[in-house]
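For the sequence shown, UniProt numbering begins at 1 and goes up steadily by one.
Since the hints were made in silico from the structure, they are not lab data.
Accuracy of the hints is not assured; some may be wrong.
Claimed, not checked - Keeping only pairs whose Cα atoms sit at most 27 Å apart, straight-line, the calculated BS3-like set for lysine-lysine is:
1. Lys484 - Lys431
2. Lys457 - Lys468
3. Lys431 - Lys455
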Amino acid sequence: MDSNTLLGGRYTLSEIIGTGGMSDVYAGTDTLLGRDVAVKMMRPDLARDTTFLERFRREALNAAKLNHHAIVAVYDTGQTSEADGSVPYIVMERVRGRTLRDIIREDRPLAPEYAATVMADVADALHFSHEAGIVHRDIKPANIMITATGSVKVMDFGIARALGDATSSMTQTAAVIGTAQYLSPEQARGHSADPRSDIYASGCVLYELITGQPPFQGESPFSVAYQHVQSTPVPPSHVNSISLNPTTATNVDAIIMTAMAKTPADRYNNAADFADDLRRLANHRTPLAAQNRRAPYNPTPRPTDPSDVATTVMPAARAADGNDAYSTATPGAHAAQPRPSATSRQPQGAQAAVTPARNATTARKSGGKHASKHPEQGEEKRTALSTWLRIIWALVILAVLGIGGAVAWSYYHDNISSSRLPHIDPNDNNKISIPDVRNLTEDDAITKLEDAGFKVKTREASSADVKKGHVIDTSPAVGSQVPKGTQVTLTISTGKEQTDVPNLTGKDTQEASRLLQEAGLVLDHTVKEAPSDSVSSGRIIEQTPASGSHVAKGSTVTITVSTGPERVRVPVVAGQSIDDARGNLEGAGFKVTITEVDSIRPEGTVLRATNEGNQMPKGATIELQVSRGNQLTMPNLIGQSTSQALSALHSAGWTGGTARLTTHDQKTNDLTKINEIMTQSIPAGQAVDKDSTIDVGVGAFSFVP
1 MDSNTLLGGR YTLSEIIGTG GMSDVYAGTD TLLGRDVAVK MMRPDLARDT TFLERFRREA
61 LNAAKLNHHA IVAVYDTGQT SEADGSVPYI VMERVRGRTL RDIIREDRPL APEYAATVMA
121 DVADALHFSH EAGIVHRDIK PANIMITATG SVKVMDFGIA RALGDATSSM TQTAAVIGTA
181 QYLSPEQARG HSADPRSDIY ASGCVLYELI TGQPPFQGES PFSVAYQHVQ STPVPPSHVN
241 SISLNPTTAT NVDAIIMTAM AKTPADRYNN AADFADDLRR LANHRTPLAA QNRRAPYNPT
301 PRPTDPSDVA TTVMPAARAA DGNDAYSTAT PGAHAAQPRP SATSRQPQGA QAAVTPARNA
361 TTARKSGGKH ASKHPEQGEE KRTALSTWLR IIWALVILAV LGIGGAVAWS YYHDNISSSR
421 LPHIDPNDNN KISIPDVRNL TEDDAITKLE DAGFKVKTRE ASSADVKKGH VIDTSPAVGS
481 QVPKGTQVTL TISTGKEQTD VPNLTGKDTQ EASRLLQEAG LVLDHTVKEA PSDSVSSGRI
541 IEQTPASGSH VAKGSTVTIT VSTGPERVRV PVVAGQSIDD ARGNLEGAGF KVTITEVDSI
601 RPEGTVLRAT NEGNQMPKGA TIELQVSRGN QLTMPNLIGQ STSQALSALH SAGWTGGTAR
661 LTTHDQKTND LTKINEIMTQ SIPAGQAVDK DSTIDVGVGA FSFVP
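Whole structure, please, built from the sequences with the hints as guidance.
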């Protein structure tokens with residue numbers, strides 16, 4: 001693409017800043033609004049392919065519907081003519097920063113809290129997209145960017161599709177073959193993607209951010225896609241490259257394994273719920289997924305449709321009536337009765353999920369030398385056997401429940417016996433209940449307990465929820481029945497645990513987030529921006545609270561990030577006087593230098609200014625070219641007498657005297673031209689210094705001209 005091309009009559013292009021499978025992205029400028037843009041232009045060799053054109057068109061339409069702070073905005077779209085034909089383009093918001101792909105390669109792995117903060121913003125963007133009826137379908141690190149100010153931007157809705165849109169001619173395989181590492185099981189099976197497919201892909205990205213590697217790897221995209229369908233990923237906390245404390249490990253595993261559940265119904269209900277849990281992780285709170293997954297993660301694959309996974313066709317069994325019969329079994333379901341002439345396909349590895357009753361039925365239905373020769377008698381035996389099997393299974397279940405109850409009682413009894421509660425005599429009539437003094441002040445709680453007949457001692461502990469000087473809890477616990485005179489220990493809050501605010505000035509947002517997490521503080525999600533002449537773009541220039549402040553852990557720190565020197569449009573000052581132009585430029589924050597040039601314009605008139613009309617950093621120097629006013633436009637002197645010529649020259653601004661108008665004879669045999677000027681040394685219309693010497697040829701008669 002020629003950099004001199006003006007797309008749509010308003011967009012200029014410069015260098016290529018990105019290249020994809022079907023398009024190049026150029027840095028550009030909107031000359032109408034004076035803002036930087038990014039222009040995605042389809043490669044000319046693909047513009048003739050209707051499939052790629054449809055994908056490109058869909059990206060423009062889908063992204064244009066989504067106005068969200070975490071989604072790259074689309075400003076305009078159009079087509080331009082190339083030698084190979086018409087080529088479409090999309091004009092987008094220009095985002096400066098790094099993709100998660102770059103960050104993983106350069107900084108991996110990331111702290112779980114920071115990774116959760118980033119992906120929470122991604123989940124917010126996806127929820128907004130899903131609410132608008134758009135599924136992204138290609139969430140991956142390369143499509144998520146962290147800007148210089150720390151904001152998250154989701155990009156490339158090129159294969160996104162509206163929910164329920166089944167009319168697209170673009171195949172699933174063509175759309176996703178390049179992103180198999182983040183492909184949901186349902187997409188790998190060729191099914192349509194829904195919002196939970198984006199959640200699955202986001203879980204894969206979070207896995208890679210925290211561990212430094214994707215959940216599945218293989219020699220080809222197809223082998224990776226197969227693993228998404230059939231394999232359970234290694235829990236992220238078990239990856240050798242990272243080390244997490246037990247609480248963080250549990251929380252990280254719970255969130256990622258929930259997002260990456262094989263069955264969509266087992267994932268988060270929506271991206272908003274996913275975002276909420278991610279923020280709980282980022283803020284050192286227990287995610288709901290962890291609360292619901294107290295047992296180790298050990299799922300049994302549950303395909304939504306048995307026909308969608310690899311299957312094994314069971315051998316034919318001869319039915320009693322002599323017909324071939326197959327039975328269909330769904331993993332984890334109750335045994336189904338055999339259907340004559342029906343094809344049975346049982347998923348590999350699913351046989352263990354079939355109940356013993358199902359296996360017994362299969363055994364009974366098998367042909368061979370033990371098959372009953374009398375159908376009625378065989379049916380009676382099968383009925384009796386089925387009844388006995390149900391009785392046996394009921395007894396087994398009751399036995400298991402009995403053993404479990406005994407174990408539970410033993411555990412409960414042992415724990416009660418070894419607890420710190422005082423021994424209570426059933427015949428003791430002096431037992432009283434410890435009153436609820438939680439959240440009372442220390443003095444009020446002591447008074448209340450002593451009035452009730454208890455002895456009181458105190459200890460201190462920090463608390464994020466209970467005010468300083470108020471009661472957190474009691475030991476024995478509130479409501480316990482204990483003898484009068486028992487000593488009750490009050491735990492008094494010292495308030496939130498205190499910490500020092502680190503110095504964030506000059507740091508980027510990623511480093512700031514890490515420092516704050518180490519100090520037990522939280523980075524405010526809303527990042528302010530401001531120009532700065534001294535701090536480079538993307539670096540922090542201010543923070544609240546200030547560095548060194550002593551604050552409670554869990555407090556939020558707000559930062560202001562530099563956008564670099566403020567950029568201001570250079571005023572158009574051509575034609576103004578030097579004083580007016582200087583005032584306008586200096587008023588806009590620019591420095592001014594003056595260069596005088598020869599010109600016919602009045603002295604002190606501005607002829608032009610450098611970068612006039614363009615955006616420039618505030619404080620930049622603008623050069624003004626100003627007229628010396630020392631030239632005039634040469635008048636036409638032909639046909640005039642010398643006295644008339646002098647008058648015409650003076651009227652034009654010539655300052656030379658009579659001596660500077662020199663003459664010579666110009667021979668002519670035309671009597672009408674005698675004493676008239678026939679030639680002039682400086683042509684009419686040419687710029688000439690006002691004090692120049694001018695020579696003219698005056699007609700003189702001669703027979704030989």
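Hints, verified against the model:
{"no.": "1", "hint": "Lys484 - Lys431", "in the structure": "holds (6 Å)"}
{"no.": "2", "hint": "Lys457 - Lys468", "in the structure": "holds (17 Å)"}
{"no.": "3", "hint": "Lys431 - Lys455", "in the structure": "holds (14 Å)"}
When held up to the earlier numbered hints, the structure conflicts with none and fits them all.
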